[in-house]
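Quick note, the sequences are listed as chains A and B, same order.
As numbered in our numbering, residues 1 to 397 make up the first sequence, in order.
As numbered in our numbering, residues 1 to 365 make up the second sequence, in order.
Hint data in this document are derived by calculation from the structure and do not stem from the laboratory.
Careful, some of the hints might be misleading.
[Said to hold, decoys possible] Per label pair, the in silico range of CB-to-CB distance: (1) B:297 - A:76: 37 to 43 Å; (2) B:62 - A:67: 49 to 55 Å; (3) A:213 - B:270: 27 to 33 Å; (4) B:38 - A:76: 46 to 52 Å; (5) B:53 - A:76: 44 to 50 Å; (6) B:12 - A:217: 43 to 49 Å; (7) A:191 - B:38: 43 to 49 Å; (8) B:24 - A:150: 37 to 43 Å; (9) A:226 - B:187: 38 to 44 Å; (10) B:35 - A:294: 56 to 62 Å; (11) B:35 - A:304: 22 to 28 Å; (12) B:24 - A:301: 24 to 30 Å; (13) B:200 - A:290: 30 to 36 Å.
[As the list claims (entries may be wrong)] SDA-like mimics (lysine to any residue), calculated; alpha carbons at most 25 Å apart, straight line: (14) B:229 - A:215; (15) A:390 - B:229; (16) B:354 - A:48.
Note that the structure is a prediction, hence the values are computed from the model and not measured.
The beta-carbon is built from N, C-alpha and C at its ideal position, and this holds for glycine as well.
Residue-level listing of the chains:
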Amino acid sequence: MADTSEEQQTKTKTAIWYDPTFRAIAFQVLAGIAIVWFFWYIFDNTLTNMEKRGITTGFGFLDNPAGFGILMSLIEYDETYSYGRTFFVGLLNTLLVSVLGVIFATTLGFLLGVARLSNNWLLAKVATIYVEVLRNIPLLLQIFFWYFAILLKNLPSPRQSMNLNDSVFLNARGLYGPAPVPTDGFFAVWIAFGLGVAAAVYVVRWAKKRQDEQGIQFPAYRSAMGLVIGLPLLVFFAMGMPMTLDYPALKGFNFQGGMRVIPELMALTWALSLYTASFIAEIVRAGIQGVTHGQTEAARAMGLRNGPTLRLVVIPQAMRIIIPPLTSQYLNLVKNSSLATAIGYPDLVAVFMGTTLNQTGQAVEVVGMTMAVYLTISLLISSFMNWYNKKMALVER
Amino acid sequence: MSTFTPLPDLPAPSSSKGVVGWMKANLFSSPANSVLSIFAGYIIYISVIPALNWAIFSADWVGLTQDACNRNGACWPFVASRLDFFIYGFYPAELYWRLDLAFLLLALSFGPQFFEAFPYKMKLAVFSLTGLPIICFFLVAGGIFGLEDVPTEKWGGLSLTLLLAYVGIVAALPIGVILALGRRSEMPVIRTFCICFIELWRGVPLISVLFMASVMLPLFLPEGINFDKLLRALIGITMFQSAYMAEVIRGGLQAIPSGQYEAAKAMGLNYWKMMRLVVLPQALKLVIPGIVNTFIALFKDTTLVLIIGLFDVLATVQSAIQDPKWGKVEAEGYVFAAACFWVFCFSMSRYSQKLERKLHRGHKR
Numbered sequence: 001m002a003d004t005s006e007e008q009q010t011k012t013k014t015a016i017w018y019d020p021t022f023r024a025i026a027f028q029v030l031a032g033i034a035i036v037w038f039f040w041y042i043f044d045n046t047l048t049n050m051e052k053r054g055i056t057t058g059f060g061f062l063d064n065p066a067g068f069g070i071l072m073s074l075i076e077y078d079e080t081y082s083y084g085r086t087f088f089v090g091l092l093n094t095l096l097v098s099v100l101g102v103i104f105a106t107t108l109g110f111l112l113g114v115a116r117l118s119n120n121w122l123l124a125k126v127a128t129i130y131v132e133v134l135r136n137i138p139l140l141l142q143i144f145f146w147y148f149a150i151l152l153k154n155l156p157s158p159r160q161s162m163n164l165n166d167s168v169f170l171n172a173r174g175l176y177g178p179a180p181v182p183t184d185g186f187f188a189v190w191i192a193f194g195l196g197v198a199a200a201v202y203v204v205r206w207a208k209k210r211q212d213e214q215g216i217q218f219p220a221y222r223s224a225m226g227l228v229i230g231l232p233l234l235v236f237f238a239m240g241m242p243m244t245l246d247y248p249a250l251k252g253f254n255f256q257g258g259m260r261v262i263p264e265l266m267a268l269t270w271a272l273s274l275y276t277a278s279f280i281a282e283i284v285r286a287g288i289q290g291v292t293h294g295q296t297e298a299a300r301a302m303g304l305r306n307g308p309t310l311r312l313v314v315i316p317q318a319m320r321i322i323i324p325p326l327t328s329q330y331l332n333l334v335k336n337s338s339l340a341t342a343i344g345y346p347d348l349v350a351v352f353m354g355t356t357l358n359q360t361g362q363a364v365e366v367v368g369m370t371m372a373v374y375l376t377i378s379l380l381i382s383s384f385m386n387w388y389n390k391k392m393a394l395v396e397r
Numbered sequence: 001m002s003t004f005t006p007l008p009d010l011p012a013p014s015s016s017k018g019v020v021g022w023m024k025a026n027l028f029s030s031p032a033n034s035v036l037s038i039f040a041g042y043i044i045y046i047s048v049i050p051a052l053n054w055a056i057f058s059a060d061w062v063g064l065t066q067d068a069c070n071r072n073g074a075c076w077p078f079v080a081s082r083l084d085f086f087i088y089g090f091y092p093a094e095l096y097w098r099l100d101l102a103f104l105l106l107a108l109s110f111g112p113q114f115f116e117a118f119p120y121k122m123k124l125a126v127f128s129l130t131g132l133p134i135i136c137f138f139l140v141a142g143g144i145f146g147l148e149d150v151p152t153e154k155w156g157g158l159s160l161t162l163l164l165a166y167v168g169i170v171a172a173l174p175i176g177v178i179l180a181l182g183r184r185s186e187m188p189v190i191r192t193f194c195i196c197f198i199e200l201w202r203g204v205p206l207i208s209v210l211f212m213a214s215v216m217l218p219l220f221l222p223e224g225i226n227f228d229k230l231l232r233a234l235i236g237i238t239m240f241q242s243a244y245m246a247e248v249i250r251g252g253l254q255a256i257p258s259g260q261y262e263a264a265k266a267m268g269l270n271y272w273k274m275m276r277l278v279v280l281p282q283a284l285k286l287v288i289p290g291i292v293n294t295f296i297a298l299f300k301d302t303t304l305v306l307i308i309g310l311f312d313v314l315a316t317v318q319s320a321i322q323d324p325k326w327g328k329v330e331a332e333g334y335v336f337a338a339a340c341f342w343v344f345c346f347s348m349s350r351y352s353q354k355l356e357r358k359l360h361r362g363h364k365r
């Protein structure tokens, strides 16, 4: 009896390679070995190749003097600064164009998205045509168009600049405007700004708490705006306006002084904003349409008018749908700003992965650092999105 | 006995029908609406009208040299004279028929997808994603069947753009499927690797990927092995887009209820059979619009190869507009290139919208 059952057991016992757990582990070990081998192989090849070509490794090159000029820099920079400095110059220029692009694209995109849903036939058609044309043409082509075909061909030389009130000038070298120069006592305005922000945060929290507990409403956002903007302004005037304006002036062949926006920045910001706005418009439209019709009908049944229906019922729910794709558009915008290199705007890719890479030849370090920057930005933005999503998600039973 | 005969209905007031009625309802229904209409009309007046005027009404259409253009509007003879260059790049002129044939095959295999009634859509789709690329490759590159060999440096123009997009699409889809499956796998090593791979490519701009493909790929390979520049660009584009494709497909996989997986397992199907016969057909069908959108993005992204020195349609335009014989023709060149891209992208997006409507059932008011 015992013999037969043992026999049966050995018969039904499957071979070890049919066991799912064993197979999973074996497969993973094999895959792990393959991946490690692949990367080791690449690493080894790279080292040999670099040795053969006489390329040094390591990050020591970052301290060497760069020796090339950069068209535009938000921090102090000239030829004598190090390669490490060029990294930060490029990074700041990338961030500048990204922030400008995000602001303009969001504004225009929301307007267009709402316009596409408008009852007004003409307005809806204009917005539709805009979206359908812009989003189906490659961004690089649009940047080239605005920069080479529109800006460079139509802007006058500095001597024939377009002139607005002798303080704003537009010519082929860029857009010149008066630059604010803070004088003694301006720090008080900064302090007031900091205080205003802190007070605004407090007011918003307090108002929310009171409304949750007692149901009494308070115009929190309006008073917060007043604190953030009004308080510094008040201090500014109280201190006797501690700021002068530095006007640009034509000296020789070029303008000196003032604030300058180079045409590359104008073209890039313009093209990025227009292009991304067409995508944001579609996201906004989908978000508003995604709020079920029953919500609007229920709001109407409660006696809410058009404005409050939108503000209190539709938009808060639409935002829940809009935010995730919107953040990925912002990410795209930041990544697309690297197209700057095609028209010579000195962003991170153009300065660091372009000139610095060519001069030092240290491809691995430079490309690695550049990619790490973009990866960090995208991880930051997506973790913000996850946080926001969690905060806004429907609380279900 | 007098019968009740109702009077005929009065016609609607003239202000509520016809053109006037339509305008009243759609453009001037309220003061705010009127303001918006006037604003939209003004935008059309300052943008669309001058653009049409430049491109059509004051444009010059015929001629062979710069003298044919009076410069009040667009100078289309420029585009006409360089059209061969824009389409074929540096491809030898006597071999244009091979590219034409490849274009024709592409059109024949993708065109019927737009028609509802065509019976062999699925088979044709499989063919256009498997057999056709091989045929097209040998047709364009030559080297066998007595076809003259054409090196990749001579490929260019719109044909190169289409080739990049087509190969990218064909290669990115299967890699994307594998990555998506890997990301949802229960094996931690595979899953971690797929997540890292996808997030890495999605987190960096395509330019830096192309730079890496052109600068660093030669460093990665052992001495003596070197890829063609075009192939390096293709590898970069494919890796980049397959990561996006994987995320789209993952969305589809997540939307399939777990009952489907369990039912397939209960039928005794193994992992690959379950995926191939039950899950993937449903998941891919769900995300066809997303896949097409990825294709559109890929198609537009092919322009970036000009930065690493390949001659796609935008690069041919860039070099042709610098010809001093034609003077100031930047706008004409760019508008032509934009039109090329727009036609392809717009038809693809229309196709995806059509599918979306077809797949969207109910819940619409």
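Right, here's what the structure says about each hint:
{"no.": "1", "hint": "B:297 - A:76: 37 to 43 Å", "result": "holds (39 Å)"}
{"no.": "2", "hint": "B:62 - A:67: 49 to 55 Å", "result": "holds (53 Å)"}
{"no.": "3", "hint": "A:213 - B:270: 27 to 33 Å", "result": "violated (59 Å)"}
{"no.": "4", "hint": "B:38 - A:76: 46 to 52 Å", "result": "holds (50 Å)"}
{"no.": "5", "hint": "B:53 - A:76: 44 to 50 Å", "result": "holds (48 Å)"}
{"no.": "6", "hint": "B:12 - A:217: 43 to 49 Å", "result": "holds (47 Å)"}
{"no.": "7", "hint": "A:191 - B:38: 43 to 49 Å", "result": "holds (47 Å)"}
{"no.": "8", "hint": "B:24 - A:150: 37 to 43 Å", "result": "holds (39 Å)"}
{"no.": "9", "hint": "A:226 - B:187: 38 to 44 Å", "result": "violated (57 Å)"}
{"no.": "10", "hint": "B:35 - A:294: 56 to 62 Å", "result": "violated (31 Å)"}
{"no.": "11", "hint": "B:35 - A:304: 22 to 28 Å", "result": "holds (24 Å)"}
{"no.": "12", "hint": "B:24 - A:301: 24 to 30 Å", "result": "holds (28 Å)"}
{"no.": "13", "hint": "B:200 - A:290: 30 to 36 Å", "result": "holds (31 Å)"}
{"no.": "14", "hint": "B:229 - A:215", "result": "violated (67 Å)"}
{"no.": "15", "hint": "A:390 - B:229", "result": "violated (45 Å)"}
{"no.": "16", "hint": "B:354 - A:48", "result": "violated (54 Å)"}
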